[in-house]
Amino acid sequence: MTPAPDSPSARFAAERELAVAAAREAGALLRSRFRDDSDDYGVRAKGDDGDVVTELDTMAEDLIVRRIRERYPHDRILAEEAGALDGDDGGRGTPRTWLVDPLDGSNNVVIGLPAYVVGIALCVGDEAAVGVVHDPVTDRTWTALAGCGAYGPRGRMTGPGRALPPAGPLLAWTQGHGVARDDPAARALKEVLEVRSRRLLQLWAPLLTWAMLARGAIDGFVGYRAEAVDLPAGALLATEAGVEIRALDGGPFRGTATGPDTDRSFVAGRPDALPYLLELAARGAAAGIR
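The letter at position 190 of the sequence shown is residue 676 when you use the numbering used here, and the numbering goes up by one with no holes.
Mixed in with the good hints there might be a few duds.
Claimed, not checked - Label pairs and their calculated CB-CB ranges:
(1) Pro-652 to Ala-568: 27 to 33 Å
(2) Arg-555 to Pro-670: 28 to 34 Å
(3) Asp-758 to Ala-507: 34 to 40 Å
(4) Pro-559 to Asp-612: 21 to 27 Å
(5) Pro-746 to His-560: 46 to 52 Å
Hints are computed from structural coordinates only; laboratory data are not their basis. A quick note: this is a predicted structure, and the numbers were derived from the prediction, not measured. We put the CB at the ideal spot given by N, CA and C, even for glycine.
Let the sequences and hints guide you as you build the complete structure.
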């Protein structure tokens, strides 16, 4: 059945097609260059907080930006390495912004760990309309259109499908690069999560974690002042898979790529698991105040 011309799937089908093609092309480039014993990635420090950037990041980003420019020259682009790029009209009159994370997991690549993905999102205003995450290692791609569901290699994704196990949930954690190692709130929250969960994953690749949550491989995901560029694609995958995202205090989650990082702290999980996860967040907040 052909979707109606004004339906979300019809409006953004071409954009999703482009994002999938660009992410897979960039992923093939990354996969061809990845070596578990390589030291020739042109690694350099990115700020003073331990993050890195490699030649692979910039090569993949340049490729994706070119593909977007070829099809949508007026759109803005916010790229992980290049920053904000206006369209050919100077960015006037368009509410559309593409977000490009060409290599989510650069630190993993540098140490030879094959856990990295490519992420692309299209936002209209502050709302994500398209989200694509591609894993070059396994050649899997996960996509979402706002209002149309999230899909992976096995079809539609429905998030975590099991009740929280007696041994505790399998959770994942991320924090922004700007968070200090001795930040008391982050340390207290993470400590509570580690004690009360069966396992707390820290993958250094948030988009990969969002994809795991959307397909139900983990029970929940907690972020503290998360990074901006990869958030819309990952959060759209999760919400379109039926996952609920809340602020740490249980209120509505309002984090966007353009807002302050203090708005990008979250708890994400299946709706019936959220009370438990929010209780953990409250315990962490109380411990961090002491």
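Margin query: Can you tell me whether the CB distance of Pro-746 to His-560 sits inside 46 to 52 Å?
Written below: Given a distance of about 28 Å, which is not inside 46 to 52 Å, the answer is violated.
Next item on the list: State, for the Cβ atoms of Pro-652 and Ala-568, whether the hinted interval 27 to 33 Å holds or is violated.
Entry: violated, 48 Å
Check: Has the hinted range 34 to 40 Å been met by the Cβ atoms of Asp-758 and Ala-507?
Finding: Cβ of Asp-758 to Cβ of Ala-507: about 37 Å, so the range 34 to 40 Å holds.
Check: Could one say that the CB atoms of Arg-555 and Pro-670 fall in the range 28 to 34 Å?
Finding: violated, 44 Å
Notebook entry, point to check: How does the Cβ-Cβ distance of Pro-559 and Asp-612 compare with 21 to 27 Å: does it lie in that range?
Noted result: holds, 22 Å
Checked against the numbered hints above, the structure violates hints 1, 2 and 5; every other hint is satisfied.
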